[in-house]
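The listed protein sequences correspond, in order, to chains A and B. Position 473 of the first sequence, counted from 1, bears residue number 473 in the working numbering, the numbering being contiguous throughout. Position 50 of the second sequence, counted from 1, bears residue number 50 in the working numbering, the numbering being contiguous throughout.
Simulated from the structure, these hints should not be mistaken for laboratory data. Even glycine gets a Cβ: it sits at the ideal position worked out from N, Cα and C. Hints are supplied without guarantee of correctness; some may be wrong.
Claimed, not checked - To give a feel for the contact side, a few chain B residues facing chain A, derived at Cβ under 7 Å: (1) Met140; (2) Pro223; (3) Val255; (4) Ser258.
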Amino acid sequence: MNSRSNYTRLLRHFLAVGLLMSPLSLQFLQAQEKQRYEGPLKLGDYLGEAVYTYLVNQGDTILDGTFVLERSNLEALLENKDASFAFTGAFKMGYPHGPWTFQFGEFQSDNTTRVVDYQYTLNISGLQTAAEGELNMGKPQGLWDISKDRIQGSELEKALFKSQILFENGVPQQSFQVSDSSNTLVGRFLRDGLAHDNWELYSDGTTEAVEVWSFDEGVLQHIQLQIDNETRRERIFDEDLPDTKTINLEGNYLQIVKLWRDFRKSSATAEGKVADLLAQNADFYNRINGILSAIGTSSFRPEFKVKVPFFPLDTIENKQLDSITTMFENSYAVSQSLLKDTHLNILKLSDEETEYLYKVVSVISEEFLLPLGELVRYQREDIVEYVPRDQLIRQLWPTGKPSEVITVAIGDEGNRRTFKAPGSTTNQWEEHNLNSLQQLAEYATTSLDTIAAVLQAKSTLKRREQEVIQLEELLLAQVNQLNMLVDSVTQNIPVLHQRALQNITTTVGNYLKEYSAKEQLDQKVAFGERLKQCFKEMDTLAKRVTQLPERSSEIAGVYQDAVWNPFTTTIMNERVKKRITGTYTKVVVPYFLEQIATALDCENAKTYSSSLERLHLRMLALREEETRKLERKLKKTQDPIAVLRLLNLLDTENED
Amino acid sequence: MKQHNYLSLYFVILFVLLASWGTQAQEGEVLPEESTFKDPKTRIWFNTYGLIRISPRLFWDAQTHFRFEETEATPFIGQIGQIYNRHAIGYIYSKNINFSLGGVLRVNFNTNESSEDQNVVPEWRIWHQYQFAMPMYTAMIYHRIRIEHRWTRGFAEDSDFIFRNRWRYMLRAKVPLNSTKLEPGTMYVSPEAELIMQSGKAVVGSVMEDLRLTTTLGYILNPRLQIAAGLMYSQGQTLQNAGNFNQNWTIRFHVYFSPDIRKVKDKLPAIHFTD
Chain A
1 MNSRSNYTRL LRHFLAVGLL MSPLSLQFLQ AQEKQRYEGP LKLGDYLGEA VYTYLVNQGD
61 TILDGTFVLE RSNLEALLEN KDASFAFTGA FKMGYPHGPW TFQFGEFQSD NTTRVVDYQY
121 TLNISGLQTA AEGELNMGKP QGLWDISKDR IQGSELEKAL FKSQILFENG VPQQSFQVSD
181 SSNTLVGRFL RDGLAHDNWE LYSDGTTEAV EVWSFDEGVL QHIQLQIDNE TRRERIFDED
241 LPDTKTINLE GNYLQIVKLW RDFRKSSATA EGKVADLLAQ NADFYNRING ILSAIGTSSF
301 RPEFKVKVPF FPLDTIENKQ LDSITTMFEN SYAVSQSLLK DTHLNILKLS DEETEYLYKV
361 VSVISEEFLL PLGELVRYQR EDIVEYVPRD QLIRQLWPTG KPSEVITVAI GDEGNRRTFK
421 APGSTTNQWE EHNLNSLQQL AEYATTSLDT IAAVLQAKST LKRREQEVIQ LEELLLAQVN
481 QLNMLVDSVT QNIPVLHQRA LQNITTTVGN YLKEYSAKEQ LDQKVAFGER LKQCFKEMDT
541 LAKRVTQLPE RSSEIAGVYQ DAVWNPFTTT IMNERVKKRI TGTYTKVVVP YFLEQIATAL
601 DCENAKTYSS SLERLHLRML ALREEETRKL ERKLKKTQDP IAVLRLLNLL DTENED
Chain B
1 MKQHNYLSLY FVILFVLLAS WGTQAQEGEV LPEESTFKDP KTRIWFNTYG LIRISPRLFW
61 DAQTHFRFEE TEATPFIGQI GQIYNRHAIG YIYSKNINFS LGGVLRVNFN TNESSEDQNV
121 VPEWRIWHQY QFAMPMYTAM IYHRIRIEHR WTRGFAEDSD FIFRNRWRYM LRAKVPLNST
181 KLEPGTMYVS PEAELIMQSG KAVVGSVMED LRLTTTLGYI LNPRLQIAAG LMYSQGQTLQ
241 NAGNFNQNWT IRFHVYFSPD IRKVKDKLPA IHFTD
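When you get a sec, could you build the whole thing from the sequences and use the hints?
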């Protein structure tokens with residue numbers, strides 16, 4: 001007996017310790033072994049079914065081993081179209097490493113199936129994009145092949161894009177080839193990835209290059225174009241560059257080249273095919289980089305290196321640019337809010353002052369802010385430092401910078417009026433540097449702030465006036481409705497009721513007079529808002545009063561008992577609880593009508609109408625209730641207040 | 001349907017009676033050459049009618065009538081003629097049809113001023129009644145069949161009870177005068193005609209006991225109280241000789257009351273009998 005209970009206790013002890021230990025032991029094992037995950041996973045825009053292995057190290061999940069993320073939906077394919085994708089590769093300690101393939105498909109099906117080798121097959125048509133190559137700790141290594149093909153009936157119909165680049169630890173090597181459906185670009189790099197020699201673009205059916213970009217150790221020397229069987233050669237950058245900087249051949253580089261060509265007023269088509277192909281290629285690399293960055297550490301970019309002229313910004317210039325950016329953003333917001341203000345847009349049709357200021361804002365917006373906005377964009381896209389400042393600024397205002405005196409034509413006759421911001425000195429922005437642009441931005445800001453102060457006040461006033469107009473229309477409509485109601489019933493309603501109704505219209509009329517006597521806009525609005533509510537209640541009250549005769553007969557009908565009379569063998573209606581109905585018709589209703597006819601105002605209108613409503617409901621309820629005691633009490637008093645108290649209709653009633 | 005059956009029955013009985021009357025030989029009294037009509041007697045009646053609701057279907061019919069008649073010196077109200085106590089239990093078949101069964105004790109006073117006989121004798125009856133009402137425009141029309149089994153005796157000391165049956169049919173209308181229907185506050189006029197036939201061994205020839213033609217003006221105070229007053233002319237064969245006719249002019253006053261002694265909750269709804 002004793003030994004057995006000892007044994008049980010020991011067992012419990014072991015169990016308890018074991019349970020406490022188990023999570024620790026699992027974690028311990030996890031640190032040692034790869035875990036496998038199978039299930040849904042979202043990478044950027046791509047949500048699919050994933051299978052991968054990982055390690056857990058100090059609570060962090062580190063991808064290690066094979067990785068698959070894919071999605072395809074047969075139902076969607078059969079119904080309409082399916083966007084499928086499949087990413088296959090491997091990770092090493094969190095870095096994408098080893099062979100990788102990326103596939104993106106947008107397919108439709110013709111819905112005809114065949115059985116081939118014990119499998120159902122289905123033809124698909126659409127677009128397939130695929131990228132294939134090897135990664136070395138997140139960087140492309142070896143040949144990367146990217147293609148975009150049009151598929152028709154499960155067969156390749158047309159290659160839309162193809163890019164083949166050889167990498168060495170993320171740096172492009174030797175030669176590359178990028179082509180779309182009709183053009184092929186071939187070029188080469190130095191070992192450090194710098195563009196070198198001629199990059200040639202061939203078009204279908206031509207044996208000679210139609211566009212050639214000539215690089216010398218990364219510096220673009222010239223572009224040669226075939227236009228109308230004529231070879232044109234353009235120099236891009238100046239020959240003697242003060243300084244150069246190595247950057248990636250990406251979107252901003254193409255923009256820099258375009259700007260330089262603009263400076264030279266290049267007659268050739270601005271958008272060469274080379275730039276387009278390079279941009280497309282960069283897009284594909286960006287897309288894959290986005291996926292890989294979402295899950296691991298990688299730098300999947302083409303890293304084509306080029307050298308560009310460098311005009312570094314000094315500290316002052318940087319500050320000036322920041323200041324211009326800030327001022328532009330504020331001014332742009334102010335100008336847009338003014339130009340889109342509906343009240344101002346209406347007001348400017350009738351008010352010349354508004355029209356004048358509105359037009360000045362338009363001019364500032366177009367002649368000052370639009371070019372400044374371009375500059376801000378160049379700054380954001382990291383272009384400003386790679387083009388000569390003065391040229392850039394000249395190019396922003398091709399017809400010269402605006403004058404500080406802004407002239408606009410207003411009115412039907414087109415009278416000219418000029419604007420000049422107060423306190424400004426004469427033109428300070430003739431020079432083509434950031435300092436003068438800062439002055440210009442300051443002037444725009446000051447001008448807009450000055451104008452905004454005036455226009456916003458006008459807009460507010462206009463809005464107020466419109467509010468008042470709307471309010472007055474509403475009030476008049478309310479009064480008309482009330483008068484129509486009263487006029488329509490006065491003929492066939494008892495005198496007592498008529499008096500009450502007349503006083504409702506008189507009271508409303510008096511309030512309206514009081515309203516029109518007010519002169520200040522604010523007072524009008526405040527008082528009008530009160531009247532709006534008040535007139536609504538007056539209308540309700542008038543309706544209740546007109547309902548009274550009908551409701552009285554409803555009550556008279558309810559306070560009847562049907563009795564079968566054996567002598568006549570007919571059913572006779574008998575009035576019951578006559579004390580209550582009598583009090584209702586002789587005391588309560590006349591009391592309310594008298595009150596409404598003599599002591600009505602905005603404050604008590606609601607009370608009267610709700611009292612009438614409650615009275616009706618109370619009368620209907622009393623028909624069913626046991627009322628002998630109440631009837632006895634009613635017999636003793638005819639005082640309206642006492643009666644209302646007895647009927648539980650006084651708000652402040654305190655019956656014992 | 002029921003109404004039709006009862007009417008048929010009534011006419012069959014009437015036919016049989018008339019047939020037997022025609023074939024029977026006349027005995028005793030000799031019929032005059034032509035009918036003689038006595039001078040009209042003047043009378044005044046004070047009648048109370050109570051219909052007391054005792055259940056959804058049943059009511060107690062309680063009537064007390066005081067009937068006066070002329071003396072040599074005083075017309076109409078000279079002396080008491082009869083005191084009537086008529087009771088029955090009524091059954092409400094539907095809103096427009098009801099039946100009653102009960103008894104009557106009538107106290108008959110000897111109104112023959114020169115008689116030496118007893119002053120008061122009782123008269124017993126068993127009676128049953130079938131009433132059918134029908135609305136017509138704003139008025140109501142009523143058919144009433146009342147059958148009485150009647151035991152009467154004369155005022156003479158040694159007089160025996162004789163047994164007779166009475167067969168009564170009354171057609172009556174109530175026409176509201178100041179309203180579109182019979183309701184409280186309504187004044188109505190009520191013309192009525194009642195034929196009272198009788199049969200029995202004692203009835204030899206005098207089968208038409210009474211033919212009453214009345215017009216009444218009534219007022220409904222409330223569903224439980226009405227008052228009415230009217231004038232009636234009546235005539236009928238005397239029991240002694242079928243060739244002689246009595247005639248009467250009677251002023252009638254009526255009070256109708258119909259209290260409901262049921263509890264309030266049983267009354268609602270007041271007009272539904274079958275719920």
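Here is what the structure says about each hint:
A distance limit of 7 Å between C-beta atoms decides the matter here; for Met140 of chain B the minimum to chain A is near 6 Å, and the interface restraint holds. For Pro223 of chain B, the interface hint holds, since its Cβ comes within 7 Å of a Cβ in chain A; the closest pair sits about 4 Å apart. Checking Val255 of chain B against chain A: minimum C-beta separation of about 11 Å lies over 7 Å; hint violated. Below 7 Å, beta-carbon pairs count as interface contacts, and Ser258 of chain B has one with chain A at about 5 Å; its hint therefore holds.
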